[in-house]
Amino acid sequence: MRTIDAPITPTTDAGLPSARRTEAPLAKADAEASAHVGAPSLRPEIASDHRNPTLPPWTRVQAIIGVLTGVLSLVGAAYSGVNYLMAPTQGEVAALVREGKTERPVSEATVEVLTPANTLVTTLAPAADGWARQSLGAGSYHIRVTGPGFGADTKPIQVVAGRTVEVRFQLTPEGRGGGGPVSRFLGKLGL
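Just so it is clear: in the sequence shown, position 159 is 166 by the working numbering, and no numbers are missing.
Hints listed in this document are in silico derivations from the structure and should not be mistaken for laboratory results. Computed from a predicted structure; not experimentally measured. Every residue gets a Cβ at the ideal spot worked out from N, C-alpha and C, and that includes glycine. Warning: the hint list may mix true and false statements.
Ranges between beta-carbon positions, derived for each pair [said to hold, decoys possible]: (1) A132 to P95: 24 to 34 Å; (2) S87 to S142: 39 to 49 Å; (3) P123 to T171: 15 to 25 Å; (4) H149 to G107: 13 to 23 Å; (5) V172 to G107: 53 to 63 Å; (6) Q177 to V78: 52 to 62 Å; (7) V167 to G88: 35 to 45 Å; (8) T109 to T76: 36 to 46 Å; (9) S87 to L127: 32 to 42 Å.
Using the sequences and the accompanying hints, generate a full structural model.
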């Protein structure tokens, strides 16, 4: 930058005389001449400037974290949208069949799913642990459980889409009263 010497003008500061040089502004031609390619830029360099090849390492880490966060947000939004559009239409019924006195599973029982008008929908057989599971459309049903040597039991259920309804049955043996200690012992053994 070039200054043009101007005459010295006397000034007074707190009663003391001093001399100060005034700078004349650059001429228009000088400003244009300093703006050509070889002249240094008056604009300050910033970290993201393409002419600054040395970026601090934390800047790159922040950029990578920002991009990953944006991508994960988009993936989460897409996943939520797909789940909303593909809402479940079926629920599940899980029936547990146990003997009333011993709490042992009754795997030889028959589990029937019926409509409110007593139309048979499906028949299930409990697994060794006593559970019988089936996917069903949303709606009202009756579950009827029968087993050899046991009385029948029926319970109403309401199946909701995307949820599991648990129903527990305690079957009592037919024809066995309270009896004596031997009968109770044999009942606990399932005989």
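Here's how the hints hold up against the structure:
1. A132 to P95: 24 to 34 Å: Given about 25 Å between the Cβ atoms, the range holds.
2. S87 to S142: 39 to 49 Å: This hint is violated: roughly 24 Å between Cβ atoms.
3. P123 to T171: 15 to 25 Å: holds, 20 Å
4. H149 to G107: 13 to 23 Å: Since the Cβ atoms of H149 and G107 sit about 20 Å apart, the hinted range of 13 to 23 Å holds.
5. V172 to G107: 53 to 63 Å: Roughly 21 Å apart at Cβ, these two residues miss the hinted range, so it is violated.
6. Q177 to V78: 52 to 62 Å: holds, 53 Å
7. V167 to G88: 35 to 45 Å: Violated, since V167 and G88 (Cβ atoms, about 23 Å apart) do not stay within the stated range.
8. T109 to T76: 36 to 46 Å: Between T109 and T76, where Cβ atoms are some 57 Å apart, the hint is violated.
9. S87 to L127: 32 to 42 Å: holds, 39 Å
Consistency note: the structure conflicts with the earlier hints numbered 2, 5, 7, 8.
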